[in-house]
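Chain U is fixed; fit chain G onto it per the hints.
Sequence order for the protein chains is U and G.
If you count by this note's numbering, then the first sequence holds residues 1 to 359, one letter each, in order.
If you count by this note's numbering, then the second sequence holds residues 1 to 313, one letter each, in order.
Honestly, the hints are just simulated from the structure, not real lab data.
Careful: at least some of the hints might be erroneous.
No farther apart than 30 Å at their CA atoms in a straight line, the calculated lysine-lysine pairs in the BS3-like style are these [what the hints assert, rightly or not]:
id, chain 1, residue 1, chain 2, residue 2
1, G, K226, G, K296
2, G, K243, U, K337
3, G, K296, G, K240
4, U, K330, G, K226
5, G, K296, U, K330
6, G, K296, G, K243
7, G, K98, U, K337
8, G, K226, G, K243
9, G, K226, G, K240
10, G, K98, U, K330
11, G, K226, U, K337
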Amino acid sequence: MGSNSLYGPLDPAPDAGYTDAPPRMGFFTDTSVCIGCKACEVACKTWNAIPDDGFNLLGQSYDNTGGLTANSWRHVAFIEQPRSDSGAATGVPGAFAGLPTGPSASAQSAVIAATTGADTGTAPGLPPAVDALAAAGTVDPQLFPAAGTGPQFLGMPQTDLPGRTSDAPRTDFRWLMMSNVCKHCTHAACLDVCPTGSLFRTEFGTVVVQEDICNGCGYCVAACPYGVIDRREDDGRAWKCTLCYDRLSDGLMPACAQACPTESIVFGELASLREQAAARVETLQSQGVDSARLYGHSDDDGVGGDGAFFLLLDEPEVYGLPPDPVVTTKDLPDMWKRAGLAALAMAASVAVSFLGRRG
Amino acid sequence: MSRRGDRPMVPKAQFRSYYGRPIVRPAPWTHDIAAYLFTGGLAAGSSLLAAGGQLTRRPKLRRAGRVTALGALAASGYFLVADLGRPERFHHMLRVAKPTSPMSMGTWILTAFGAAAGAAAVAEAASLVPSRLVRRVLPPIGAAAGLGAAVVAPALATYTAVLLSDTATPSWHVAYPELPFVFAGSALASGAGIGLIADPAPPTRRMAVLGAALELYGAHRIETTKGLLSEPYATGRAGKLLKAGRTLTAAGVVGAVLGRRSRVVSALSGLSLLTASAMTRFGIYEGGMASARDPKYTVLPQRERLTEPADGQ
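For reference, chain U alone in the conformation it holds in the complex (with noise of 0.2 Å):
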């Protein structure tokens, strides 16, 4: 073991006893490009052939998921918010800028655009509701032409472009998006608390659970720092991402990676990735994205880095990352000492006891 092998800046592989060792190969996840499709859930759920999460309706925007688990390895998180929520305030100078400032399109062209072309005679009906709030005489014409007089907006898909035609103001409401997955820690709280070995280090730097060893004890669940590793109910194991170390070993890229429409995911060895990731944050931030920041990359943070990274446009704990994780094995050393001076404590209690006189 080296002097950092427990904490502190690291090449996980050498470490771990491999000569020659492949390059680190990890995760950069771009949320700013991520368009919440969910291919990644999908892709790693084929591949690696995981069980159902349940089919739940959890009333969290569009996440159905709901969190990493066992049987959950990428996790696509919505997050609805108000700009002002985020800490920078609508009135702050700079906060919509470069975005477009004029109002939403409107219902009534939606609704247009719906029906132009030729009739097809499977237009979908639209029947003169009873609008509560234009009978109550509460809504404004202006905001709402068509209220009471025509169709409803239905909530169908806009084919003009945002801002284009005049409805309501727009908002300051935006819309954020994560693919979460193992972080693949360069001191990885799973894999050093192990008791069986089922947990260990690939050749590529990232962390593995082999299925046939491991049985179950669940210290790995509670040591993790992101509560991604998990144990499978119905079969009693823990399970997690392995960063598709079959398809790596193959020259493959990770299914999530390979699936991803918009290059939010990117796969490839860490310190190129760590570089790209630097430039887009520039990038990002000379364009007035002030709330860009990444995730994950520093070598010198709790975990010694992550193998997987994130570039954010918010406080990780609004994504449900930990805005500081260290890995608890930091601390172990000094566990393991003052454990040493209680058992030493609780000798002398005894010896003090019962060498004291015969009453």
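Positioned in the frame of chain U, the structure of chain G alone reads:
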């Protein structure tokens, strides 16, 4: 629209999270593990009691300690294996010995302790064996094994504190300097409890006082000096358990010291100490689990760390 004069607004959330979901994951353990914390400590405490009894020629203490240690050991084995996701693979723990894994270290500590404490307990049955040779050979073996178990016992009682602390569970990790002392004290007090029931000799009373002092002091530090992360130990089920444990520990110590003339009061004090030890373990367990379930305990201390200037690392 004036906000002045309206009823006070709901205070702004102090932290943000992803739909209030936890960030770190609570250990997927059941109360089996909390029960093991108690039985493991009891095995350690009673084997120390047995060794004390053995060295100061108090056969009743020796016998009670050894038999209790064996019983607690068997219960520990059951709880640990039952809590695995794949119990039939329990022996995979014996594939490696990893100092970075307190569970791996604990496996080996428990194995070593189990062999010694088991042999010591079996030796207690020497007088029941008809063979004269066995009757002659067993007691010295038991004496050596009993001392061996006592050497390992402090490690057995304290490694479980490292086991809990070496996790991302906020209130367990933050308690790492004091938790071994709480567990050591709790183990001593439970061992002393067995002694007070079997043979309330002066050493058992002294052991009860010292154990309770360690346990109470450590628990007090954990419950009061960890800021926000002390909160899970003071509220909810953990708070109730720890409070009950504290009361019963105090009652047990008072009973052991003042009731020394009465076998009944001594035995009740012993019972009180045993119950208190179990409650403390369950309270610590529950407090940590509660801290993992609420993202506030993960986010706020980390935010605080980020806003404070880094000092000396």
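Against the structure, the hints:
1. Under the criterion of a C-alpha separation no larger than 30 Å, the hint pairing G:K226 with G:K296 is consistent with the structure, at around 14 Å.
2. Taking the CA atoms of G:K243 and U:K337, the gap is near 28 Å; set against the 30 Å cutoff, the hint holds.
3. As the CA atoms of G:K296 and G:K240 are separated by approximately 21 Å, the hinted pair is consistent with the 30 Å bound.
4. Using a Cα cut-off of 30 Å, the hinted pair U:K330 and G:K226 holds, with the two alpha carbons roughly 19 Å apart.
5. Taking the CA atoms of G:K296 and U:K330, the gap is about 22 Å. The hint holds against a cut of 30 Å.
6. For the given pair, G:K296 sits about 24 Å from G:K243 by alpha-carbon distance, which is consistent with the 30 Å threshold.
7. As the CA atoms of G:K98 and U:K337 are separated by approximately 16 Å, the hinted pair is consistent with the 30 Å bound.
8. Among the hinted pairs, G:K226 with G:K243 is consistent with the structure: their alpha-carbon atoms are about 17 Å apart, no more than 30 Å.
9. For a cut-off of 30 Å, the pair hint linking G:K226 to G:K240 stands: about 18 Å separates their Cα positions.
10. At most 30 Å may separate the alpha-carbon atoms for a hinted pair to count; G:K98 and U:K330 meet this at roughly 15 Å.
11. Distance check on the hinted pair: G:K226 and U:K337 sit about 20 Å apart at the alpha-carbon level, within 30 Å; holds.
Consistency with the previously given hints is maintained throughout, with no hint failing.
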